[in-house]
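These protein sequences, in sequence, are chains V and Y.
Taking this note's numbering, the leading residue of the first sequence gets 1, the next gets one more, and so forth.
Taking this note's numbering, the leading residue of the second sequence gets 1, the next gets one more, and so forth.
Just so you know, these hints were derived from the structure itself, not from any lab.
Keep in mind that a hint or two might mislead.
Claimed, not checked - In silico DSSO-like pairs for lysine-lysine, Cα to Cα no more than 27 Å straight-line:
{"#": "1", "chain 1": "Y", "residue 1": "Lys-68", "chain 2": "V", "residue 2": "Lys-588"}
{"#": "2", "chain 1": "V", "residue 1": "Lys-31", "chain 2": "V", "residue 2": "Lys-162"}
{"#": "3", "chain 1": "V", "residue 1": "Lys-635", "chain 2": "Y", "residue 2": "Lys-68"}
{"#": "4", "chain 1": "V", "residue 1": "Lys-162", "chain 2": "V", "residue 2": "Lys-41"}
{"#": "5", "chain 1": "V", "residue 1": "Lys-562", "chain 2": "V", "residue 2": "Lys-544"}
{"#": "6", "chain 1": "V", "residue 1": "Lys-251", "chain 2": "V", "residue 2": "Lys-279"}
{"#": "7", "chain 1": "Y", "residue 1": "Lys-68", "chain 2": "V", "residue 2": "Lys-562"}
{"#": "8", "chain 1": "V", "residue 1": "Lys-577", "chain 2": "V", "residue 2": "Lys-608"}
{"#": "9", "chain 1": "V", "residue 1": "Lys-544", "chain 2": "V", "residue 2": "Lys-588"}
{"#": "10", "chain 1": "V", "residue 1": "Lys-316", "chain 2": "V", "residue 2": "Lys-279"}
{"#": "11", "chain 1": "V", "residue 1": "Lys-591", "chain 2": "V", "residue 2": "Lys-548"}
{"#": "12", "chain 1": "V", "residue 1": "Lys-608", "chain 2": "Y", "residue 2": "Lys-68"}
Stated by the list, open to error - Ranges of calculated distance between the beta carbons of each label pair, as one might list FRET restraints:
{"#": "13", "chain 1": "V", "residue 1": "Trp-639", "chain 2": "Y", "residue 2": "Ser-123", "range": "28 to 34 Å"}
{"#": "14", "chain 1": "V", "residue 1": "Leu-125", "chain 2": "Y", "residue 2": "Phe-141", "range": "41 to 47 Å"}
{"#": "15", "chain 1": "V", "residue 1": "Met-587", "chain 2": "Y", "residue 2": "Ile-228", "range": "54 to 60 Å"}
{"#": "16", "chain 1": "Y", "residue 1": "Val-89", "chain 2": "V", "residue 2": "Asp-560", "range": "47 to 53 Å"}
Given the structure is predicted, the values throughout are model-derived calculations rather than measurements.
Here a beta-carbon is modelled for each residue, glycine too, at the ideal position from N, C-alpha and C.
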Amino acid sequence: MKHLSLLAFLTTLTSFAQQPAPLSPRIANYKIDVTLDTDRKTLAGRETLTWRNTSTDLIRELQFHLYLNAFRDEKSTFMRESGGELRGEEIDRSGKDDPYGSIDIVSINQRGQTAVPSESLTRQLRFIQPDDRNRNDRTVVRVPLTKPLAPGETITLDIVFKAKLPKIFARTGFSRDYFLVGQWFPKVGVYEPKGERYAKQGQWNCHQFHANSEFYADYGVYDVNVTLPLNYLTGATGLLTQEKNNANGTKTQHWHADDVVDFAWTASPRFQVVNDQWKSPTGHTVRIRALMQPEHGHQAVRNISSAKAALAYFDKHMGQYPFPNLTIVDPPFHGAGSGGMEYPTFITAGETVSFLPNSIRLPELVTIHEFGHQYFMQLLASNEFEEAWLDEGFNQYYEGRVVDETYGSHSSVIDLFGYRMSDSEFARDSYVHVINPGSGPSFGNTWQLPDGQYGTLTYMKTATWLRTLDGLVGRPVMDEIMQTYFIRWRWKHPCATDFIAIVNEIVPKRLGNRYGPDMNWFFAQVLYGDQVCDYALTSVSNKKEGTKYESTIRVDRLGDMKLPVEVLVHFDNGREKLIRWDGQSGMKTIKLSQSARVLWAKADPAQKLYVDKNLNNNSFTLEPTSAPAGRYAVKLMFWIQNLMQWLAWLA
Amino acid sequence: MKNFLRAFTLTRQSARIVLWIYGTNALLSLLILLPAYATLGAGAGHSMAFTRLLDGFDYTVYSDFMAKSGVAVDALLSVGRWLSILWLVLNVFLAGGILLRFAQPGEPIRASTFLAGCAQYFSRFAGLLGVVMLFSGLLFFIVLLVGTLAGAALYNTVTEQELFYVGIVTLIVGVLVGALVFCIGDYAKVLQFRQDDHNPFRAFGRAGRFVLAHPGQTFGPYLLLIAIGTASFGLYFLIDDLIGMHNWPTIIILFVVQQGLIAARIFLKVWSLGTAYTVSTALIPPTTRQTAIFVDPSPEPMAPTEPVEPPTNPTVHSPGE
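Based on the provided sequences and hints, a complete structural model is requested.
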């Protein structure tokens, strides 16, 4: 018996020792029982939130997101800002289905300690509008506590809620018998203690749901029981651990996810399931499960192979994907508004169209992009309301790297009938060639960015200046920066200054004083500023002086962004000379005295300054060829002649 | 098939006219070529970036160029659009001369005769073009409307592929209906030419009945010629891919290929009109009405046409009649 007790003790100890340490702080933990009524498109839920006060403050209230209320009516902030349209998908106001959605807290009770009864907080609920004072917006609710929560204490709340899902046009809801259920439960905001991000004192960070913003949440453990009709196939954040059939023709599935910031799920009787797996060089296996529309079944390979490419790339260049699985959901065409979205271990594909040729790699691009968010949304839980660029911009930059390396540096997105375009080229074009690339900074609250510029400034501009940083410091240093950022800030809430601090730490260490003591001058322009970059090599001339040539090369700074520029000079004897210019003045004249004449010169020959809005004016040759003009003039004439001849058939 | 091949022979025998038309087309197209060369050359200036375009398309070079010179390129495209409209009008004008040539295959080809024929029929063929545009637009709109309504009605019940098929079927039917109307337009021209009919609606109606009564001999060859034209377009892509415009010699080679294809497409268009002429001549008996079709500017009387193709309207009238 004594031995048995010892054995039991040792077993307990061993099993405790074998429990992996939590990867994240696990501040907000949820147990949710939810029932989906597929006819009424409603959810009935019971949620138990266990929230820990990790600050040194007394917490007197909690704040919750009720995201589904964004779709409650036309008066919500989301609807006012978006006009009921997101990424080309519009709310179906004239359809037979009710397109609106909402969520209501039926009751909220604070669970008492042993022998202390639970306390109802329902009557104390108050909707607040911290961003725009729109009294009709009900996406944030505050719950005052009768007794403040001391530092280190944990509170447990039992919440009963009911929700009506919107008809899908913006990420979440239903379309026919397809359900993508995201942002669906009362979700506690983030309490930022003094010193976290920009907090000068402890404060709730719980923004309203805006048209151009995604989310911000603390890590936690999710145990979710989903009850729905037997014939529905499902997918969700985390792993399916248990399933049981109920007597009433439904089934209940238990899903479990550790160390995630959100929980989303999908259900449809039509999914075609395709399973695969990816194994890292270190042996870590990730099971990939694609839930495809039957008509897209043959295209699952495109989603899965691109997910594998992304897994391999991020594993090599950033760090390990720590989860055992990844679910890819292929939405139907009528639910396309839910496509291209990321949730922990669970992403929705997009642009998967039945007859899309392989040389248009939009499905691959979307899958890679959404997978990238596993790093920049889930593992690095930045605040997407206030600093969307830290998520979307970084992810867009990595999308370019993964897609271009996997599918070709100049043809990764399109390679059709001789027309080619890469992902990085697309991102740069979408920023530098907008009407005004200097319309604003990448930094800032998403709902306060200049009108219509959210995508340009957060995604494209950030991706382009990150590629510029990459060019300036070199890929190995860039990778070191990103890996350091990832390792130091994963499972936390990083902000701009955290990233800049790492750049300022590593660049001088690796490159000495090449760019000065820090890179703040760079971020002042590209992140916080609205400067535009354009350097041009405007002239090259040679004058014979005795046995030597006096050569003059002129470089102009046409934009107001000041970046260091390299100038490559090529002589007619084949020799070359690289000259560095700090790029500060409006113009630089380079004078050389050599035995050979200068044939051509290039400013930024390696195209490090990817933010330069016109790379065509970066070179000057004394022996230009007219062949490109001839080629395209001839082609244009041929196309016009063909058009003329097509019209001739009318005559 | 006999009439189709005979139309080919007639067109081949009228190669000089095809060349005239091609020459006009090429001359007009110089209004694109020369400014485009100058604009693109000026845009490239002394830059080395544009040499990358010789190895194939480069999106960065293209997008930077368009951002800077897009307005100039838009102006060129605008010229192209106006040229296309001018070419349409010119083809309406040329149709009379071509039909006259088919009516007088034994005659030597003279520019004056050809142009006089063009001028003679221009106004009535212009009216016919209006009718063709009206019917093609109307029918295409109806097909599109039906397709759209069907798509909208089925949207909530069908799959993506089924919806795609609805779209494709709508498009194919729309294109076929459009092509049918244009084909009828060709036969209406021939009827107007042969029967001196000035009423485009009547000619279009009669031609419509005729084409629908003989689809195999009328619409079939018409579609075949369109298919040959489209295939030649595809052929060009293959040749372009094979040779590529990497330097001036290859640019010149492909320019010659391009112009050959344009000439071939003009030949196909003339052949199509020739087919309409031979088929309708073979299947529609000559009318008893003696009608004026042509004013011969030459002082000599017209030579008789070859026996296979008896002129249906031999009387030559003066312009005042």
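Now the hints, each set against the structure:
Proximity of Y/Lys-68 to V/Lys-588 is assessed by CA-CA distance (about 23 Å); at most 27 Å being required, the pair is judged to hold. Proximity of V/Lys-31 to V/Lys-162 is assessed by CA-CA distance (about 16 Å); at most 27 Å being required, the pair is judged to hold. Between the alpha carbons of V/Lys-635 and Y/Lys-68 the distance comes to roughly 20 Å, so the proposed pair stays at or under 27 Å and holds. For the hint pairing V/Lys-162 with V/Lys-41, the CA-to-CA distance comes to about 11 Å; that is within 27 Å, so the pair holds.
A C-alpha spacing of about 34 Å is found between V/Lys-562 and V/Lys-544, which places the hinted pair above 27 Å, so the restraint is violated. Taking the CA atoms of V/Lys-251 and V/Lys-279, the gap is about 32 Å. The hint is violated against a cut of 27 Å. For the given pair, Y/Lys-68 sits about 21 Å from V/Lys-562 by alpha-carbon distance, which is consistent with the 27 Å threshold. Restraint check: the Cα-Cα separation between V/Lys-577 and V/Lys-608 comes to about 17 Å, which is no more than 27 Å; the hinted pair holds.
For the hint pairing V/Lys-544 with V/Lys-588, the CA-to-CA distance comes to about 22 Å; that is within 27 Å, so the pair holds. With a CA separation close to 12 Å, the supplied pair V/Lys-316 and V/Lys-279 stays within the 27 Å bound. In summary, the hint linking V/Lys-591 to V/Lys-548 is supported, as the alpha carbons are separated by about 13 Å, within the 27 Å threshold. Between V/Lys-608 and Y/Lys-68, the direct Cα distance comes to roughly 21 Å. Compliance with the 27 Å bound is thereby established for this hinted pair.
Take V/Trp-639 and Y/Ser-123: their Cβ atoms lie about 32 Å apart, and the range 28 to 34 Å holds. Remark: the range hint 41 to 47 Å for V/Leu-125 to Y/Phe-141 is contradicted by a beta-carbon distance near 56 Å. V/Met-587 and Y/Ile-228 have their C-beta atoms about 59 Å apart, which keeps the hinted 54 to 60 Å range intact. Range check, Y/Val-89 to V/Asp-560: about 51 Å between beta-carbon atoms, so the 47 to 53 Å window is met.
Violated hints, listed in ascending order, are 5, 6 and 14; each of the other numbered hints is respected by the structure.
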